[in-house]
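Got chain G sorted already, so can you dock chain B onto it with the hints?
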Amino acid sequence: MKKYKEYVENWEKKIGSFLQFDPEKAKADSSSEGPLKGIPFGVKDNIAVKGFDMTCGSKILENFNCPYTATAVEKLQNKGAVVVGKMNMDEFGMGSSTDNSALGETNNPWDTSRVAGGSSGGSAAAVAAGLVPFALGSDTGGSVRQPASFCGVYGLKPTYGTVSRYGLTAYASSLETIGICAESTAMTRDVFNIIKGIDVMDNTTVDYKPSGKDDSNTIAVLKVGEGDLSDDVLNSYKVSQQRITDLGYTVTEVELPTLKYVVPAYYVIATAEASANLARFNGIRYGLAEKGAETPSDLMQMSRHSGFGDEVKLRILLGTYVLRSGFQDQYYHRAQKIRTAILNDFNRIFEQADALMLPVFPTGAFHHGSSDLTQLQQKSADLYTCSANLAGLPALAVPSTIEKGLPIGVQFTAPAFEEERLFRISEKLEEVFPVQNPEGYSKEWNK
Amino acid sequence: MDKGELVKTAALAKLKLDENEVETLAIEVSAMLENFSMMMEADVEGLEPTTQTLQQENRTRRDEGPIDSGDNLSNDLLERVPEKEGRFIVIPNVI
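If you read the protein sequences in the order shown, they are chains G and B.
Just so we're on the same page, my numbering is the position in the first sequence counted from 1, plus 12.
Read in my numbering, the second sequence has 55 at position 60, and its numbers run on one by one without any break.
Hints in this document: simulated from the structure, not taken from any laboratory.
Hints may contain errors.
In silico DSS-like cross-links for lysine-lysine, where the CA-CA straight-line distance does not exceed 25 Å [said to hold, decoys possible]:
(1) G:Lys91 x G:Lys349
(2) G:Lys303 x B:Lys(-2)
(3) B:Lys79 x G:Lys459
(4) G:Lys87 x G:Lys37
(5) B:Lys79 x G:Lys71
Covered stretches of chain B (chain G as the covering partner; in silico rule of three or more C-beta atoms under 8 Å from a C-beta of chain G) [to be verified]:
(6) -3 to 6
(7) 13 to 25
(8) 28 to 36
(9) 42 to 48
(10) 51 to 59
(11) 67 to 75
(12) 79 to 87
C-beta: ideal position from N, C-alpha, C; glycine also.
Same shape as in the complex, but just chain G (with noise of 0.2 Å):
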């Protein structure tokens, strides 16, 4: 235990992954026995954890800690996994770098000068540097598969509804999911079985209703242009269509004709949700209250104006304005209809495929701040991930290359509740390139 706590301590002086690290926190709430007994684990901070504090990357909740659990956690604590800390993430999930977290910087593990991505950014990189084998993140819009992408890790989006959001702070509640980043296809697969089914606790979990055919004969793959990827993305892109070529998949290629609007659809469905998600934020039931204030529209205003970031301002504006009296058909109404028409566009492709590939992110991990990528760039990255938020369907982030000393991964999906298909595509991908580990890795946790 000395051993690996000096382990975690070097590489987060280099990191900084965790908002708290303390094995011995959370230990006496798992079973001392179990399929994942004594497997240390990283929940993401706006996952409620008794005894944890629950920050969601935000001043507003800095000193709030958490009085119960997750379902999700409390289903991994009872098959014996040890949660060992909070892990650090974009304000309230809203970022693509994790830059956008108000207590704390994160490094890739790959290149410490570089994001680890967002805004599961703390999850992907404990995982990556060997501080833990797998961590729950959240998924919006591509905040788990992004950062599992940049950091060279499994990343899996569960079907909507499969995973109960008991004790996960809502952003954009029709959308987002609890998902998993991993070192290992076999971990993935295990800890979603563990995680996923009903809860009285979450009125929007549901039936899990697989098909059955989990093995897949043709996998469609999503036509890019010239210009959409960065060069090294593009040759990794280019590299995975062949390994699955040559692994007797029958490989057709499609477009997507919806995909151009999918980002502005998804960003006015999630910042409208996250309006009125984060109006609970107010001083007056828990987290930061301004003192000093003369009435309760006081204590408001004065508490979100110091406790939120500038992100969060941002979409808690755009929100609030797409869904003014007068603007709802130009935005909300019509942002709708399109989820309709890519959730058309992606069950059509699946009458012909068992699944789909495409690319999880345009570029690999950039660098601090936006000299790379402005915010607006990043937000306009998400399309590739965002898609399979929209239509509800599962997605899951393979490693595919190391380009120029930084990871690749590739994105699967496929029909709601086949979890599994993708788990035996990424299976095979795994025997011919198998998760490669950053320079000081050390599997200290297992010894």
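Just chain B, lined up with the frame of chain G:
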């Protein structure tokens, strides 16, 4: 978006903005709204809106009062209230 609209929207969202924030956010919000306007090109004729993708109907539970989690969650939550008197939450004067 002009600054007047921004301030009006911020008031609806109970967000106080200082001068600098109004300047920068007006630019950023406008850039995003321009991005949103791309949706106008999309042909959505005859499409029904999608609000959720898998659930066929609302699932409700029996009206049996709160689920007893066995612990003292309501007291634990009250402990996190910034200002209270007994089990009452204190807020600034309404009138």
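Hints and how they fare:
no.	hint	verdict
1	G:Lys91 x G:Lys349	violated (42 Å)
2	G:Lys303 x B:Lys(-2)	violated (28 Å)
3	B:Lys79 x G:Lys459	violated (49 Å)
4	G:Lys87 x G:Lys37	holds (17 Å)
5	B:Lys79 x G:Lys71	holds (22 Å)
6	-3 to 6	holds (count 4)
7	13 to 25	holds (count 6)
8	28 to 36	holds (count 8)
9	42 to 48	holds (count 7)
10	51 to 59	holds (count 4)
11	67 to 75	holds (count 5)
12	79 to 87	holds (count 3)
In summary, the structure is inconsistent with hints 1, 2, 3 from the numbered list given earlier, while agreeing with the others.
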